[in-house]
Amino acid sequence: MNELDAFRAETRAWLEANCPASMRTPMPSDEMVWGGSTVQFNSEDQRLWFERMREKGWFCPDWPTEYGGAGLDVRRQAILDQEMRRLHCRPPQINLGIWMLGPVLLEYASEEQKQRFLPPMARGEVRWCQGFSEPNAGSDLASLRTSAVLDGDHYVINGTKIWTSYGNKSDWMYALVRTGPMVPKQQGISLIVLDMHSPGVSVSPIDLISGKSSFCQVFFDNVRVPADQLIGEVNDGWKLGKALLQHERRAMSRFSESALPTHFDLDEYLTRCLPSPEGAAELALQQRAIRCLMDEECYSLGNRRMVDAVSARQDVSGLMAISKLVHTEQERDKFELLLELLGNAALGWDGDGFAARDLELTNSWLMSFAQTIAGGSSEVQLNVIAKRVLGLPDAK
Amino acid sequence: MSLIYNEDQQQLLDSARDYLAARSPVSAQRALRDQGVAQGFDSGVWQGMVELGWSAVAFAEEQGGLDFGFAGYAPIFEQIGQHLSAAPLLSSVVLCGSLIEQLASAEQQQALLPQLISGAQRYALALDEHDRHQPDKCTLQAVAEGDGYRLDGSKCWVADGVEADGWLVVARLPDGLRGVFVVPAGTAGVSVAPRRMIDARNMAALSLQQVELPAEALLNSGDTEAALERALDRGRACLAAELLGICDRLLDTTVEYLKTRVQFDAPIGSFQALQHRAARLYVQQQLARNAVMAAFEALDREQGDIAERRRLVALAKWKANQAAQLISNEAVQMHGGIGVTDELDIGLYLKRVRVAQAQLGRSDLMAARYAAQRLAR
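Taken in sequence, the protein lines are chains Y and F.
Numbered according to this note's numbering, the first sequence spans residues 8 to 403.
Numbered according to this note's numbering, the second sequence spans residues 3 to 379.
Since the hints were made in silico from the structure, they are not lab data.
It is possible that part of the hints are untrue.
As the list claims (entries may be wrong) - Some residues of chain Y that are not near chain F, with every Cβ distance over 10 Å (derived):
#1 Ser-36
#2 Leu-79
#3 His-95
#4 Ile-101
#5 Asn-242
#6 Ala-291
#7 Leu-300
#8 Gln-321
#9 Gly-350
#10 Asn-390
To be verified - With a straight-line cut-off of 30 Å between C-alpha atoms, the simulated DSSO-like cross-links for lysine-lysine are:
#11 Y:Lys-176 with Y:Lys-394
#12 Y:Lys-246 with Y:Lys-176
#13 F:Lys-139 with Y:Lys-403
#14 Y:Lys-121 with Y:Lys-249
#15 Y:Lys-63 with Y:Lys-192
#16 Y:Lys-249 with Y:Lys-176
#17 Y:Lys-121 with Y:Lys-192
#18 Y:Lys-394 with Y:Lys-246
#19 Y:Lys-176 with Y:Lys-121
#20 Y:Lys-246 with F:Lys-261
#21 F:Lys-353 with Y:Lys-192
#22 F:Lys-353 with F:Lys-139
#23 F:Lys-261 with Y:Lys-249
#24 Y:Lys-192 with Y:Lys-403
#25 Y:Lys-394 with F:Lys-261
What the hints assert, rightly or not - Here chain F is said to cover these stretches of chain Y; the calculated rule only asks that three of the stretch's residues, wherever they fall, bring their Cβ under 8 Å from a Cβ of chain F:
#26 19-30
#27 272-278
#28 366-378
It should be emphasised that the depicted structure is a prediction, and the values quoted were computed from it without experimental measurement.
Ideal Cβ positions, reconstructed from N, Cα and C, are used throughout, including at glycine.
Kindly produce the complete structure, drawing on both the sequences and the hints.
What follows is the structure in structure tokens.
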């Protein structure tokens, strides 16, 4: 225990000395730093915080040091998380490559691929997007049709991907493509990584019910990708994709973290909008909000239980399986309550008379509908729990 | 302590499972019900629990305890829930034992605790005066008389009150504060009326008319209000663990049934409508486990933050109440017609769930306690 306490003390001291004061405040959405070739900073503090965390290897603290990580075990990683939360440190950058693709490369890529892709990722130099979903596949992801056909030492890619977050701002994509058209649908899929600036790639953004969105549709027209950018074995991509989606679920539940602009603290609004509830209606609303807070705490205690269980080498697949479902549904419920607490102030679209933060809340409420669909809809999550955790039989 | 069982707790869990499966399976509980056993539990099974050390788990060594910490009760009550085993562990050891430990003088402890830990005597807590648990309401009067007190009034819903060796009775003292009195069985003026409940466990109403007690009957070597609250919170956590054990058993049983029961030429568990409902039950069970583990962790470091203990215990009892209600209702529904027959054990669990939900605090009271802590920050 002593070594862990020492690590906690060191970590706390380092964060206190190195995290600029302005990086310990709630983060408006226009101040999110996205890692990548064109990383942009609004302030000197943002740049300092980014560079200092990069030098520590704390963009990906749990990765081995030879690939640019800090080599922390699960306990130490949890301590780092806790200490960052304690100081309200902003994430130094948002990076889907590190959160989702990185762990899969560590497990499945060749040594050469690891050397090539991981260190730049760990330095926050590449912005990644995900090419999984397709217009007619939806939750039936395995029915994807974007094809990759070997031509000499290149794959030629044709087709389209949809719901690609920040497809228009990313440097590279990791995509699931069909390499084996004549076999059962899960068996003909491969995972490939490609440069978004390759000739034949075009991107168009999608408007959502919340307004402009980060989601894009990406089109491939005879895009040539070097064959050595295929990860793992040919036609073995479904396994890798499933592994990656597990990391995505974890990453999506990170979006609740209090330092992120998408996080709205129900306690805070309850105190602000119902300082001293009077009458049956206000009391009823307060009681509903309390139940929402209670469920939220039950969920976050599960994250602590998961760390304890992983450290004790126990199976956490059950807890992991419920995590995305519970988190996104609780967030949606919370936004509905926030809407009721704020009344008409939460129903503004834009312009005068609305606080910027409240407009952001309205936007996040509308986005919360996307969260229970993206990354495997709630129904897909329930299928996973029913079949893989409870072992219920397949339909005939 | 963490939010998973350590090795010692796991050993307690395994030993409790083995013991209860052998000596107190659900069929034994059913037999107690069918025979109408007044005290609602099997003395032999209870004595076996004592021999396994369950009554000594949380007490200090100098008091004859094992000094294991309160967290030992999480696995034990979980298994009590799984096997639906009735015993006076909660009433006598957790509730009365906690009060004696906190409020009794050295002499009073000497007279009471060894008896209680050895199972030679068992006590029941007479607290409630209302149909819904409202622990702070107390009108039973203790009037100073000579060197002692005279008690007048009544108590209801005294768990394990029938055939107890004595009761700890909470009464209003002349100065308006509350006091805890030791009232041995056979004291003149005390009458006990059994209440037959849906879970067939031991429940009583207590009437006290001009009950004369010596001054030593009052346990007043500590802060009574704080001690009562702490004892009740311990009891609530144990009930939450028991409910969690029931959730686990009902979910396992139901999932097994979904896999084997064939309708429309397919196991009904292959139907997505039922799969999704079963998956949601699993979610609630896991959330309840998170909260229960956190409550026991908070109870085990009681020197710490009392507000944290209140909040997490209220959360655990609330969540276990909610999960058990949902899972017990769905277990009946998913079993269909057989689910409402007495032949199936599910009904026994359902009835126990409802009593345990009400005991020491329904969901609304727990939510209010939680809110008081959360909103005060």
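Now for the hints, and whether the structure bears them out:
Every CB of chain F lies more than 10 Å from the CB of Ser-36 (chain Y), the least distance being 27 Å, so the non-interface label holds. Every CB of chain F is more than 10 Å from the CB of Leu-79 (chain Y) (nearest about 19 Å), matching its label as outside the interface. The Cβ of His-95 (chain Y) lies farther than 10 Å from every Cβ of chain F, with a closest approach of about 16 Å, so its non-interface assignment holds. No Cβ of chain F comes within 10 Å of the Cβ of Ile-101 (chain Y); the nearest lies about 28 Å off, and the non-interface call holds.
At the 10 Å boundary, the C-beta of Asn-242 (chain Y) stays outside the reach of chain F, the nearest C-beta of that chain being 29 Å off. Every CB of chain F lies more than 10 Å from the CB of Ala-291 (chain Y), the least distance being 12 Å, so the non-interface label holds. The beta carbon of Leu-300 (chain Y) is not kept farther than 10 Å from every beta carbon of chain F, the shortest such distance being approximately 6 Å. The claim that Gln-321 (chain Y) lies off the interface is violated: its Cβ sits roughly 7 Å from the closest Cβ of chain F, which falls inside the 10 Å cut-off.
Residue placement check: Gly-350 (chain Y) keeps its beta carbon more than 10 Å from all beta carbons of chain F (closest about 20 Å). With a cut of 10 Å on Cβ distances, Asn-390 (chain Y) falls inside the contact zone with chain F, its closest approach being about 7 Å. Annotation: proposed proximity of Lys-176 (chain Y) to Lys-394 (chain Y) is violated, straight-line Cα distance about 37 Å (limit 30 Å). Taking the CA atoms of Lys-246 (chain Y) and Lys-176 (chain Y), the gap is near 28 Å; set against the 30 Å cutoff, the hint holds.
Between Lys-139 (chain F) and Lys-403 (chain Y) the CA atoms are separated by roughly 59 Å; this puts the pair beyond 30 Å, and the hint is violated. Distance hint between Lys-121 (chain Y) and Lys-249 (chain Y) is fulfilled; the C-alpha atoms sit about 19 Å from each other, no more than 30 Å. Our distance criterion of 30 Å between C-alpha atoms is broken by Lys-63 (chain Y) and Lys-192 (chain Y), whose separation comes to about 43 Å. For the hint linking Lys-249 (chain Y) to Lys-176 (chain Y), the alpha-carbon distance of about 25 Å falls within 30 Å, and the restraint holds.
At most 30 Å may separate the alpha-carbon atoms for a hinted pair to count; Lys-121 (chain Y) and Lys-192 (chain Y) meet this at roughly 28 Å. A hinted pair counts as satisfied when its Cα atoms are at most 30 Å apart, and Lys-394 (chain Y) with Lys-246 (chain Y) qualifies at roughly 17 Å. Proximity of Lys-176 (chain Y) to Lys-121 (chain Y) is assessed by CA-CA distance (about 24 Å); at most 30 Å being required, the pair is judged to hold. A distance of roughly 27 Å separates the Cα atoms of Lys-246 (chain Y) and Lys-261 (chain F); the hinted pair therefore holds under the 30 Å criterion.
Taken as a hint, the Lys-353 (chain F) and Lys-192 (chain Y) pair is broken in the structure, with Cα atoms around 49 Å apart against an allowance of 30 Å. Annotation: proposed proximity of Lys-353 (chain F) to Lys-139 (chain F) holds, straight-line Cα distance about 27 Å (limit 30 Å). A threshold of 30 Å between alpha carbons decides the hint, and for Lys-261 (chain F) with Lys-249 (chain Y) the separation of about 26 Å falls inside it, so the pair holds. Restraint check for Lys-192 (chain Y) and Lys-403 (chain Y): satisfied, since their Cα atoms lie roughly 18 Å apart, inside the 30 Å limit.
For the given pair, Lys-394 (chain Y) sits about 11 Å from Lys-261 (chain F) by alpha-carbon distance, which is consistent with the 30 Å threshold. Counting residues of the segment 19-30 of chain Y whose C-beta sits closer than 8 Å to any C-beta of chain F gives 0, which falls short of three, so the coverage hint is violated. Given as covered by chain F, the segment 272-278 of chain Y passes the check, having 3 residues with a CB less than 8 Å from a CB of that chain where 3 are the minimum. Look at the segment 366-378 of chain Y against chain F: 0 of its residues bring a Cβ nearer than 8 Å to a Cβ of that chain, fewer than three, so the hint is violated.
Checked against the numbered hints given earlier, this structure breaks hints 7, 8, 10, 11, 13, 15, 21, 26, 28; the rest are met.
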